[in-house]
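Chemist: Mind docking chains B, C and D on chain A? Use the hints.
Number of protein chains: 4
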Amino acid sequence: MPRPLLIQKFGGTSVADPERIREVADHVARTKRRGDDVVVVVSAMGKETDELIRLAGDVSEVVPGREMDMLITAGERKAMALLCMALHEKGVAAESYTGSQAGFITDTNHTNAKIVDLRPDRLRKAIEAGRVPVVGGAQGVSTDHDVTFLGRGGSDTTAVALCHALEGDACELYTDVSGVFTADPRVVAAARRIKQVSFDEMLEMAATGCPKPATRSVEFARRWRVKLHVRSAFTWEPGTWVTEEEPSMEQAIVSAVTHDVSEAKVTVSGVPDRPGIAARLFRELADVDVNVDMIVQNVSDHGVTDISFTVPKSDLVSGTTVCERLAAEIGATGVTSDLDIARVSIVGAGMKSNPGVAATMFEVLAGNGINIEMISTSAIRTSCVVREDQIEDAVQSLHTAFGLDG
Amino acid sequence: MPRPLLIQKFGGTSVADPERIREVADHVARTKRRGDDVVVVVSAMGKETDELIRLAGDVSEVVPGREMDMLITAGERKAMALLCMALHEKGVAAESYTGSQAGFITDTNHTNAKIVDLRPDRLRKAIEAGRVPVVGGAQGVSTDHDVTFLGRGGSDTTAVALCHALEGDACELYTDVSGVFTADPRVVAAARRIKQVSFDEMLEMAATGCPKPATRSVEFARRWRVKLHVRSAFTWEPGTWVTEEEPSMEQAIVSAVTHDVSEAKVTVSGVPDRPGIAARLFRELADVDVNVDMIVQNVSDHGVTDISFTVPKSDLVSGTTVCERLAAEIGATGVTSDLDIARVSIVGAGMKSNPGVAATMFEVLAGNGINIEMISTSAIRTSCVVREDQIEDAVQSLHTAFGLDG
Amino acid sequence: MPRPLLIQKFGGTSVADPERIREVADHVARTKRRGDDVVVVVSAMGKETDELIRLAGDVSEVVPGREMDMLITAGERKAMALLCMALHEKGVAAESYTGSQAGFITDTNHTNAKIVDLRPDRLRKAIEAGRVPVVGGAQGVSTDHDVTFLGRGGSDTTAVALCHALEGDACELYTDVSGVFTADPRVVAAARRIKQVSFDEMLEMAATGCPKPATRSVEFARRWRVKLHVRSAFTWEPGTWVTEEEPSMEQAIVSAVTHDVSEAKVTVSGVPDRPGIAARLFRELADVDVNVDMIVQNVSDHGVTDISFTVPKSDLVSGTTVCERLAAEIGATGVTSDLDIARVSIVGAGMKSNPGVAATMFEVLAGNGINIEMISTSAIRTSCVVREDQIEDAVQSLHTAFGLDG
Amino acid sequence: MPRPLLIQKFGGTSVADPERIREVADHVARTKRRGDDVVVVVSAMGKETDELIRLAGDVSEVVPGREMDMLITAGERKAMALLCMALHEKGVAAESYTGSQAGFITDTNHTNAKIVDLRPDRLRKAIEAGRVPVVGGAQGVSTDHDVTFLGRGGSDTTAVALCHALEGDACELYTDVSGVFTADPRVVAAARRIKQVSFDEMLEMAATGCPKPATRSVEFARRWRVKLHVRSAFTWEPGTWVTEEEPSMEQAIVSAVTHDVSEAKVTVSGVPDRPGIAARLFRELADVDVNVDMIVQNVSDHGVTDISFTVPKSDLVSGTTVCERLAAEIGATGVTSDLDIARVSIVGAGMKSNPGVAATMFEVLAGNGINIEMISTSAIRTSCVVREDQIEDAVQSLHTAFGLDG
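Chains as they are written, first to last, in our numbering: chain A, 4 to 409; chain B, 4 to 409; chain C, 4 to 409; chain D, 4 to 409.
Looking at chain A on its own, in the form it has when it is part of the complex:
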C-alpha cells in the first residue's frame, strides 16, 4: 500500500527567519516520521519578494522581465536551500529543486507566467527514494529556456499543481492565520474558525473579502478537486479544510459573513434606455483594465435609466474618466462616485434549499437601521452595499442573526 503523500506549502511569514525555518523543518520531519511522504513548496523568506521588487525600482525605472524573474526567483532559492539544510540537521534527506528542475514549463510571459506543462519526474524519483523534495514556489522555466516567475501568490499555485500532478492526498497551505473564520474576528468578537467548507463557498468568500486563501489558488483546487487545508505555521493547530461538498457535511444555511471596504461606487445617471448602451460602457471599462464587480441598473423611468457599479478604489479615477467621456457622447446627464461604501455578504451552501434567506438578511439590516444601496446574489451568496460607517454593525448583526456566534 502506498504511503500517503502530503504537499506542504509554507508562505513567507512561516519561513521568515532561521528560527522559523528550523521550526518548519521540525514539522516536516515529524510528518515524515509519522509515515507520510512529503513534498515541500516554499516561498521567499518574509518580505523578501517585496524587497527585491523595491530594489529593482530603486535601481531602474525600466525593468526587463527576463532580469526581473532572474532577480525575484533568487528569493525562493535562498529559502529552499536553507530549509534543506535545516532538514538535513533533523536527519531528513532533502533536496532543493528550482521550478525548472521540478518540471514546471511555462509560457514566456515574464513576471506573470502561466504553467503550460508539468513533468515532476525528478520529484517522483526523490519521493520513491525516501527523500523530501523542497521546491521553490512560483517558479518555472519558459519554453525559451529562461527563468520565469508565476506572479505574487504563485507558491499556492505551485503547491496545488504539484498535488494534482503527483496525486497527493492533500495540500496543506501553512500561513500566519489559523484558518478561515465565520467573520473577520476584528469586527465580530464571537467569530469562529470554520472546520470545513466547500470549494464553492470558499470561492464566494474569497471573492467577497475573506483574505486567505487567495482566490486564484481556490479556483485551481476546485478545478482539480485538490483538498486544501488552510492552517497555522505558528500554533500548528488544525485549521480549515476546503473540499468538495459532501452529503455528510452539515449544511449550515449561512456559513460565513464576509465584508469588503476596498470598493467604490460609480453611478451614471440619466442614461438613454437604448439597447447596447450598457454593453458599450462595460466594454470600454474592460478595455482600460477597470475591474467592475457588482452592477445594478434601475428600472427605466421616462426612457432614461441609472446604472451603478462598484470598482476597486484604485480603479476609480480611470473608471470615472471613461464614464464621463461616454456620458457626453450618449447624452447621459451625470456621473457621480462614492468612496464611502462597503459590501457585506452572506455565504452558505444551504441557501440553495432555503428560500427566504435573502429576505431575512434585508430585514436584519433594516432592523438595525442600515440602508441597502445595491444588492447582488448568486446561488449561495447574497451581497448588499451599505454605508461604510455602518459596515461593522451590519456584519455583527448578521453574524448573530444567522446563528454564527460561537
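It is worth saying that the hints were derived from the structure and are not from the lab. Treat the hints loosely; a few may be bogus.
The list treats identical chains as interchangeable, and a pair is accepted whether it falls inside one copy or across any two copies.
Computed list of lysine-lysine pairs in DSS-like fashion (alpha-carbon distance at most 27 Å, straight line) [said to hold, decoys possible]: (1) K198 / K50; (2) K215 / K198; (3) K215 / K50; (4) K93 / K316; (5) K93 / K215; (6) K355 / K117; (7) K355 / K50; (8) K215 / K230; (9) K128 / K316.
Modeler: Chains B, C and D in isolation, oriented as in the chain A frame:
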C-alpha cells in the same frame, strides 16, 4: 579593426546598494560609449555572501555543499539582474549570465570548486551583437550539472579567466581602495600609490601583507599574462597597473614596504641534528593543514639545533600540538611560541641587480634600535621578523630610507 | 464613569514590517473608537533585538553594559515612532514615550535592569487628554541617569507593570499564536485552545513547557492580580484569559498536558547517607548557576543513597563537573548523566479536590508501556520523567485519558 | 603644553558594517596612541537613515516631525554605541553621547533643526579624563526638550561646530573618496587629487558640482576658520586640506574644473523692458521655493528683452508654471525650457590677479567647437552653460588647457 575589450569586475562594496549600482552602470555606459567593448563581472551586493553563510549557520550545523552553493550563488544572481536593469535604463543593452550560462565548467568540489573548462560562446555572441554581458562572479556548473561556487574572492578569478579566454585587453578590478601603495597609509602617512608594478612584485607584496588584490587572482593573472588594473569604484581615478615587467619600467630598487602582524613564531629547541628530522616535522604540520611561512634553522651546536618558523596565529594551537608531540618522540628539549612578532618586507624588482639592499635594510633597522629575529629572502624580497610593538617604526624608517616618501 | 483602560502589548512579530504596523494601528484605532482608552507597549520590530545583539558581538567581544543598553533600546524607539506615525494616519492622536519618559526608574544593572519605581504621570495626562501613549517596551532610566534595558521578554513586564500602576482593566499580550492550548498541537492534533486559566495553573504550565506567555510575566501578573489576555495579532480572534481563579470557573480536573524535552538527568550514586550532603551538593550547583529543576532521592539502602535531578541540557556540563568533584570528596561511587529524557506534566486546579489523579496518570502511562523514571508533584500539577522517544505517546495518551480531546 | 585635539567624523559608508566599525576603531586608537586627543562624530551605518525614512513612508503618509526625529536619531545611536564597544576592545576608553548629552541645543524645527547653542561640558571633562567621546551626528535637543535632527549631511555640521567650540586643531571628514580632485576622474582620466584648497575655492567648487564636502559644512568651516581634512576611510591615505588662503600656498591660476548636469534652463522671451519686471519674476519664483542659480538678461532690442536662468531639473515644472502665468500678465511673448544643458566652471584663487583667464576659457571652448549659451563669473570662478552632450569635451579640454593634467 576590432574594438578593445575590457573586463570590468566590481566587488561587493562597489555594488552595495541601488545608488552604487546606478553609479557602476553609469561608468560601464561611459566606457561603452567611448568605444570599448565590455564584459562585466559582479560580486554579491555588500556583505551579502557573509550574510548568506551566516544564515546557513543559523539554520543548521550540517551544511550540504550542494545546498550551500545553491544558497550563496543567489547573491550574485541578484546583483547581476539589478545591474542589467540599471544598464537598460542608461540605454545599454545588457544581459545577465549565470556561471553556467557563461560557460564555466567546474569540478564537483562544492563551496570551493575549480574551473576545469571555460566555453564563453554565449558571451562572444552577445559582445558581437553589441551587448554587454553581466556575469555572476565565482559561479559555475559542475560536471554533475549542479550549481557550484568558486570560493571567496572567486569573482576576481572569474574576471581574470574571462579576460584570458576572450582575449581581453585588460582586466579592471574595481574596489573600495584607489590602488596599491608603497606602504600601508595608516602606518606611513607619506605612502604613495604605485602606478605600475610587475606580476612578480605584486605576488611578493600580496604574500607579505598587502591586502589587495588577493594572492590567488595575481597568480592567475601572472600565469596567463592578464594585465590587471586595480582601481577605485568610488573616486574612479586611475589606480595601479599590474603587468609584465617591461624594460621601460622604472626599476625602483625598492617598490614597496609591506608588513604583516597576523603570524606567530614557534621554536623547537634542542633538536638532535639528524637527517630527516626537519622533513618529518614539516610533513606532519602539513598533514594537519598548518600553513608554515618562514623557516629558520640555526647553526648546529654540539649536535643539537633550534628550528623556528612562523604560522598564522589561527594555526598556532594545532601547530604547537604537533611540535610538542614530536619533540617528545625525537628528544628535543622544548617548544616555545611567541605571538608578539611581526614581519616587515621590502619588495622590488631592482633588488636583483643591486647587491647590498638587504644589508641596507638590516642597517636601517639596527639604526632605529629594532632587533631582527628571523630573516628570509627571495630574488626580489627581503623579510625580517621583529617585535610587534616595533613594526610601525620599522615600516616607517624603511619607507624613508629607501626613498619612497612622497 | 471612567472609560475602561486597556494595555495592549505588541511583540516583535506583530510589528515586524510596515504592513503589520499599519494593521496594529488599525486595531488600536478600532479599540479606541469603541470607547476604550488604550496604552500601547511595543517591542522592537521582528528580530531586531537579536540583530542588534549580534552586531555588538560582531564588533567587539567586550560589551560595556551602558553601550549595550544604548544600542538595544534603539530598536524599540524605531518601533514606537513608526507606530505613532501609523496611528496619526488613522486619525488617532498618539505620542511615543521612551522608558524614561514613561517613568520607569530602574537599578543600574545594565542589560537586565530591575524596576525600582514607576511614575507614569505623563502617560496619565496623555490619556486624560484623549491621546494614546505608545511606550517603548523593556526600557527605563537608571538611578544614575543612564538608559537601561529590562532584558529579553521585558516588554511583557513593562505592560503588566503599567496595567498595575495605571489601574488598567486588562493587559492584552498580542503575539503570533492564538492563545494557550491543552497540549502542544504539533504533538496532539486534537489539542484545543483554553478560554480561561488561573494564574496558578498558567504558572505551572509555563514552568513545565508551555512556551507562551513567559513565566516571569505570569509571576508579575499573579502578584499584582493583572488580568492577562494572550491573543493573536494575526487572526485577532479572542485568545486565552489568565485570571484569578473564580468559583464560576469550570474546574476541569486536568486543564492541560505540558511537556518539556530541554532537560537532562544527572544521578549521583552511592552517596553516604549523612545529613547535609544533599544541601552541600545543591548549594554548590547553585553557586555555579546550574538551574536544578526536579530532584528525587531514593530510599537509602545499606547507608548509601542515589540522588537524581534534572537540569537544562545547556547546564549539563557544569552540573556534572560539580558532581564529579564533590563525589570524589564525599566518597560517592559514581556520577551518570542521561540526555534522552523528557518530562510530561498534567496541570489542573481541580486536582486539589480530586484524589487519585496522579494514580490515574501513572496507570495511563503504564498502560501505554511507558516507564516512569522520576516523579514530582505540586498541589495542582504532577510531572513524570520518561524516555524522550516515548514523550509524544505519553502526551497523546494523557490528553485523551483526561478528556481533553476537542 | 596641551595635546593636539582632532575631531574625526565618519560618514555612513565608513561605518557600514561591523568590519568597517572595527577598522575605524583601529584608526581612532592609533591616533590616540600617537598622542592626539580625539572626539569622534559618527553618522548612521551605511544607508540606515534612508532606510528609516523609507520605513516611515511605508507606514504613513502623515509624518509628525517629533516622531520622525525620534525615529531617525535611532540610527546614530546604534552606530555610536557599536563604535564605543569596538574602541573598548582596542583598549580605548570611549563613551557615547547623544546630541543632547553632547550639549547641542537647537530650535524646534523638527527634521531640519538649527543649532542655537552648544555647551559641550561633558565632552570637555571626558577629554580631560583621557577618554574618547563618540558623539551621534546631526542630533540635538530642542528648547522644548524634544529630540531633534539637524537634517541630511548634518553630521559634518556637528563635527565642524564641535571643532570650533572645543578649539580643535583640525576636523577630519572621513568618507569613501580620497579627497577633492582637479576634475571628476570619471570624465578626466588625468584628474589629480588636490593637496590643499582655500575655503573660498572649495565653496565655489562645491556650488558648481564638486560632490564632497557638502556646501553647508564648508560654509560653517569658512565662517569659523575650522581647518578641514577631507580623506578616505578606506585607503586612509592623506587627502585634501581645506584651509584659509595662505601666502605660501601655490597660487594656481585655475585649481579645478567642475561641472554640473543637474540643471535646466528657462527662457522668458519678449519681456517688456520696464523696471521691476525681473524683480517681480524672481520674487515669485522664490515664493514657490524655486532655486534659481545663473541669470542672464540679454540686451534690450526695440523695448523688449529675453531673460534666461537655470534651475534644478526638479524645480523645472514649478518654475515654468510661474513664468507662464506671469508672462501672460506682463505681455511677454513666450516661455521655453531646455533640459539638455550643462554647466562647466573653472575655479582658482589665482584668477583674481590674472586678467584674461575667462577669455582663455572662452577660446578653449570655441576652439573645441563648443558653443557657450550663458556665462556667469565671480572673483575666483567663471562658469559657462553649454550643450549637455558636449560637457565631457568641455571639461577635458579645459583641464588640459589650464595645465591640470597630472
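Chemist: Taking the numbered hints from earlier one at a time, note which ones the structure violates and give those numbers from smallest to largest.
Modeler: 1, 6, 7, 9
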